[in-house]
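Taken in sequence, the protein lines are chains A and B. Position one of the first sequence corresponds to residue 457 (the numbering used here), numbered consecutively onward. Position one of the second sequence corresponds to residue 457 (the numbering used here), numbered consecutively onward.
Careful: at least some of the hints might be erroneous.
Copies of one chain are not kept apart here, so a pair can be met inside one copy or by any two copies together.
DSSO-like, lysine-lysine: derived pairs with alpha carbons at most 30 Å apart [what the hints assert, rightly or not]:
#1 810 - 821
#2 546 - 818
#3 784 - 478
#4 542 - 818
#5 690 - 815
#6 818 - 690
#7 815 - 509
#8 784 - 509
Calculated from the structure, these hints are not laboratory results.
Protein chains: 2
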Amino acid sequence: MAEVAVFGYGTVGSGVVEVIDKNAELMKSRGADMHVKYVLDIRDFPGDPNSSKLVKDVDVILNDPEISVVCETMGGATFAYEYSKKALEKGISVCTSNKELVEAKGAELMAIAREHSCSYLFEASVGGGIPLIRTINDALTAERIDRIYGILNGTTNYILTKMDEDGAGFDEVLKEAQEKGYAEKDPTADIEGHDACRKIAILASLVSGKKVSWTDIETEGITNIDTEDFSYAKELGCSIKLIAMCDFNEGCSARVSPRLITADSPLNCVKGVFNGVLIHSDMLDDSLYYGRGAGKLATASAVVADAFECVRFAGQEVGRGWTDEALKLNDPGDMKGRFFVRVDNANADEAADKLGAEKVIKHDKESGLVSAVMSETEFKKILEGLAGVIKFIRF
Amino acid sequence: MAEVAVFGYGTVGSGVVEVIDKNAELMKSRGADMHVKYVLDIRDFPGDPNSSKLVKDVDVILNDPEISVVCETMGGATFAYEYSKKALEKGISVCTSNKELVEAKGAELMAIAREHSCSYLFEASVGGGIPLIRTINDALTAERIDRIYGILNGTTNYILTKMDEDGAGFDEVLKEAQEKGYAEKDPTADIEGHDACRKIAILASLVSGKKVSWTDIETEGITNIDTEDFSYAKELGCSIKLIAMCDFNEGCSARVSPRLITADSPLNCVKGVFNGVLIHSDMLDDSLYYGRGAGKLATASAVVADAFECVRFAGQEVGRGWTDEALKLNDPGDMKGRFFVRVDNANADEAADKLGAEKVIKHDKESGLVSAVMSETEFKKILEGLAGVIKFIRF
Numbered sequence: 457m458a459e460v461a462v463f464g465y466g467t468v469g470s471g472v473v474e475v476i477d478k479n480a481e482l483m484k485s486r487g488a489d490m491h492v493k494y495v496l497d498i499r500d501f502p503g504d505p506n507s508s509k510l511v512k513d514v515d516v517i518l519n520d521p522e523i524s525v526v527c528e529t530m531g532g533a534t535f536a537y538e539y540s541k542k543a544l545e546k547g548i549s550v551c552t553s554n555k556e557l558v559e560a561k562g563a564e565l566m567a568i569a570r571e572h573s574c575s576y577l578f579e580a581s582v583g584g585g586i587p588l589i590r591t592i593n594d595a596l597t598a599e600r601i602d603r604i605y606g607i608l609n610g611t612t613n614y615i616l617t618k619m620d621e622d623g624a625g626f627d628e629v630l631k632e633a634q635e636k637g638y639a640e641k642d643p644t645a646d647i648e649g650h651d652a653c654r655k656i657a658i659l660a661s662l663v664s665g666k667k668v669s670w671t672d673i674e675t676e677g678i679t680n681i682d683t684e685d686f687s688y689a690k691e692l693g694c695s696i697k698l699i700a701m702c703d704f705n706e707g708c709s710a711r712v713s714p715r716l717i718t719a720d721s722p723l724n725c726v727k728g729v730f731n732g733v734l735i736h737s738d739m740l741d742d743s744l745y746y747g748r749g750a751g752k753l754a755t756a757s758a759v760v761a762d763a764f765e766c767v768r769f770a771g772q773e774v775g776r777g778w779t780d781e782a783l784k785l786n787d788p789g790d791m792k793g794r795f796f797v798r799v800d801n802a803n804a805d806e807a808a809d810k811l812g813a814e815k816v817i818k819h820d821k822e823s824g825l826v827s828a829v830m831s832e833t834e835f836k837k838i839l840e841g842l843a844g845v846i847k848f849i850r851f
Numbered sequence: 457m458a459e460v461a462v463f464g465y466g467t468v469g470s471g472v473v474e475v476i477d478k479n480a481e482l483m484k485s486r487g488a489d490m491h492v493k494y495v496l497d498i499r500d501f502p503g504d505p506n507s508s509k510l511v512k513d514v515d516v517i518l519n520d521p522e523i524s525v526v527c528e529t530m531g532g533a534t535f536a537y538e539y540s541k542k543a544l545e546k547g548i549s550v551c552t553s554n555k556e557l558v559e560a561k562g563a564e565l566m567a568i569a570r571e572h573s574c575s576y577l578f579e580a581s582v583g584g585g586i587p588l589i590r591t592i593n594d595a596l597t598a599e600r601i602d603r604i605y606g607i608l609n610g611t612t613n614y615i616l617t618k619m620d621e622d623g624a625g626f627d628e629v630l631k632e633a634q635e636k637g638y639a640e641k642d643p644t645a646d647i648e649g650h651d652a653c654r655k656i657a658i659l660a661s662l663v664s665g666k667k668v669s670w671t672d673i674e675t676e677g678i679t680n681i682d683t684e685d686f687s688y689a690k691e692l693g694c695s696i697k698l699i700a701m702c703d704f705n706e707g708c709s710a711r712v713s714p715r716l717i718t719a720d721s722p723l724n725c726v727k728g729v730f731n732g733v734l735i736h737s738d739m740l741d742d743s744l745y746y747g748r749g750a751g752k753l754a755t756a757s758a759v760v761a762d763a764f765e766c767v768r769f770a771g772q773e774v775g776r777g778w779t780d781e782a783l784k785l786n787d788p789g790d791m792k793g794r795f796f797v798r799v800d801n802a803n804a805d806e807a808a809d810k811l812g813a814e815k816v817i818k819h820d821k822e823s824g825l826v827s828a829v830m831s832e833t834e835f836k837k838i839l840e841g842l843a844g845v846i847k848f849i850r851f
C-alpha cells in the first residue's frame, strides 16, 4: 500500500481525501493501492473526521519514509513551491492542482523530479477534471498538435452563457454568479482572463516542451462584452466565448480574448461552468475534451488520477513537461483571422469597404460587420483610419 | 529502435505506415523509437513505396526476433484472430482497430497477452482516433463510471445531421452519404446500429471488466427516422442521434437506439461524421470526448499511439481489458426514461392522459407528445392499450 500525504486541506484537498476514501478499493483493483496518511494544514479543523491525519509541520511528512506521493492542493507559489521542492528532492512524487505554481516554477520542479527519479504531475492545474494533460502526453503520442482553442474558465463561461441565453447584462450576471459561488468576491483573475491565460501558458509549454510565460500572452477578458454583442452574434449564428488559444504552425502564437464561435464548432456545446478544449492535430484533425474545469470532486479526481499513476508506476518517471528554456512567442499582431466590428451607421459603408466585409447587419444606430481574413496588425491599421468604430471582437 | 509489423495494408494499415513514417522523429523524442519493418498482406501493390516491406507469409514476421509490436488492421475475426494469437503467444504485443475481433475474442487475446508479458491494445476499435480506451483506463482511474452515452457511428450521424439541418429524407441522404464515401454500398451494419452496438459492447466490457456480448444488446438503427420526427424534435428543442448507451448503476443495462437529445446536452455538438462519447462518473460528473471516429489517419493514429505505449513501456503489461466471464445484462425493459410518441389527432388526448404527457404538439393529422418518466416495460404496456400510435422515439 502506498502512503500519500495531502498538502492543503481546502476545497480541493478535502476533495482528494474524499475521492481516495470513497474509491480506494476500486483503484486498488485497477493497480494502485493508496491510503492518505497525512494532511498538512496550519489551520485547525475541530471535529473533522480526518483530524487524526492533520499535521502542521511539513517535515513530519517529508521525514516519513513511507510517504511516496504528495498531493499539493495548497495554491500559491511560495510555501507550495518550497514544500513541493523539498518533497521532490526526497524522491517523493508531487501531484498538483496549482496552476500558479506550475506555470511559474513547473520547469524547475519537473527537472528536480527527473533528477530524483520521481514525478511532478499537474493534470488538475488545467481544465480541472478533464484529462487534458494525460491526453496530450499519453494519448496523442502519434500526433503533431498545431492548435489549441480552449474555454478554460468556468466563471467567464457561466457569465457569457447566461448573457447569451437570457439576454442579461454583464454586471447583473456577474452578481448572480457571485451569489451562486461561480465567481469570487474579487473576480478579477477570472473576468480579466488571467486564469485562462495561466492555463493556456501551461498547455503551450507542455506542447512545445519549452517555457511559455503567461505574462507574455496578450490577454483580454470579458468585461467589455455587452448584450448588443450577443444580439449581433445571434444574427451571425454565433456565440461568444472567452478563448485561450495557442497555435504552433510557425513558431508559437498565443492569445486570450473573447471570440465569436460559429455554429458548426463543437465549442458551442461548452456551456455554463463547463470547460472544453478543442485540439487540432495533424493526423486526428479536430478533437474536443469537455467537462468540469473546477469544483471540489472533479478537480480532486484529477489530482488522485495523477497519484494513481505515480503509485502504479512507482520508481518510473511518468508524465512529460518542459524545460526552463524560454519560448519566445510570435508577435500576436501576425495572427490572421476575421474580425467582427461594430460601427456607427454613418461610417458603416466605409468600414465595410475598407475591411472587405461581405455582410453588414444594420441596427438602429449602428451596424455590425465581419471583415475579410487579415492579420491583426493590418486590421488595426485599417481601424485607425476609420471613424465611428465602437468595438471589435475577434473570430 | 523497436521493429513493428503491420498486418493488413488496407486503408487503416497504410495509414499506420504513413503516421509512423511522418511522425517517427517526434515519437522518438517522446520516448518511443519505432520503425515499420514488415507489412503483411496477401495482395500485391505494384509500385507502392512500401513494396520492400511487404510479405505474404505471417511466419516470416513472427519468427523475426526483432519484432516487438504488431499493428493489426486486417479486420474480420478469422485470420486476424489466428495471427494475433500467434503473435501474442510469442510475446509480441498487438494493437488493433478491429472491433469485430475485439468484441468476439478480446477476452481470450487479453489473457494470452497477460500470460506472455505483452499487451493487447484496441484504442482504435472504438471511436477511431478519439482516445476513449486510454481515457477510461488511464485518466479516469479515480472514477466510478456509471453511464456512457455514445454517438459511435459516423455514417448514421452524418445522415441524421443532414436530415436535421437540411430537412432531407432518409433515402436521399443515405444515397448522398454513399456517393461521398461516408456510407458503404451495403450500409446495413451502420444504419441498423450493429457497428455502434459492437463498440458499446467493447466499452461496457472494459468498464465492467467482464464480457458483454453485442448480440445481447437490444439494437435499433435509424431506418425508421423521418423528416416529421425532426420537425417535432425541433419544436421540442431537440436533435435526434443514434445513441449507444450503457448504464452501470445497478448491474449493467445497454441499448442502441435513436434518441431525442435535449438542447443542453453537449452531445448536440457531435455533428456529421464526428463521434462523441458522454461519460458520467461519480467524481467528475459529465465529461465528453469528441473527434473523428473513422478515417484513415485518425484511426491509424490511435493504433500507433497504442504501439507507442507498448514500445515506451516495453516488457511491462499496459492497458486493461476484461475476462471471459459473461456479464448478464439487465432486462432493457427496466430502463426508465421519457418517450416521445406520435399519435393520430383523434387519439392524442387519451394518449397524453395515459402517458402523463405535459406537452402535446399538434400537427395537421397527428400530434407529438412526451411521456412522463417510466420504465420501458410500463410504457409499452400503456402503448398496447392505445389506438392510433404512429411511432415512438426514446429520450
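Here is what the structure says about each hint:
Proximity of residue 810 and residue 821 under a CA criterion of 30 Å is satisfied intra-copy only: 20 Å inside one chain copy versus 54 Å between copies. In the homo-oligomer, the alpha carbons of residue 546 and residue 818 never lie at most 30 Å apart, since the shortest distance is 66 Å inside one protomer and 71 Å across protomers. Taking the shortest alpha-carbon separations for residue 784 and residue 478, only the inter-copy value of 26 Å comes in at or below 30 Å, while the best intra-copy value is 45 Å. With identical chains, the CA atoms of residue 542 and residue 818 are never at most 30 Å apart, being 62 Å at best within one copy and 70 Å at best between copies.
For the identical chains of this complex, residue 690 and residue 815 are neighbours both inside a copy (14 Å) and across copies (28 Å), given an alpha-carbon limit of 30 Å. For the homomeric pair residue 818 and residue 690, the shortest alpha-carbon distances inside one copy (13 Å) and between copies (28 Å) are both at most 30 Å. Taking identical chains as interchangeable, the C-alpha atoms of residue 815 and residue 509 are never at most 30 Å apart, the minima being 64 Å within one chain and 55 Å between chains. In this homomeric assembly, residue 784 and residue 509 never come within 30 Å of each other (Cα to Cα): the closest approach is 45 Å inside a single copy and 42 Å across copies.
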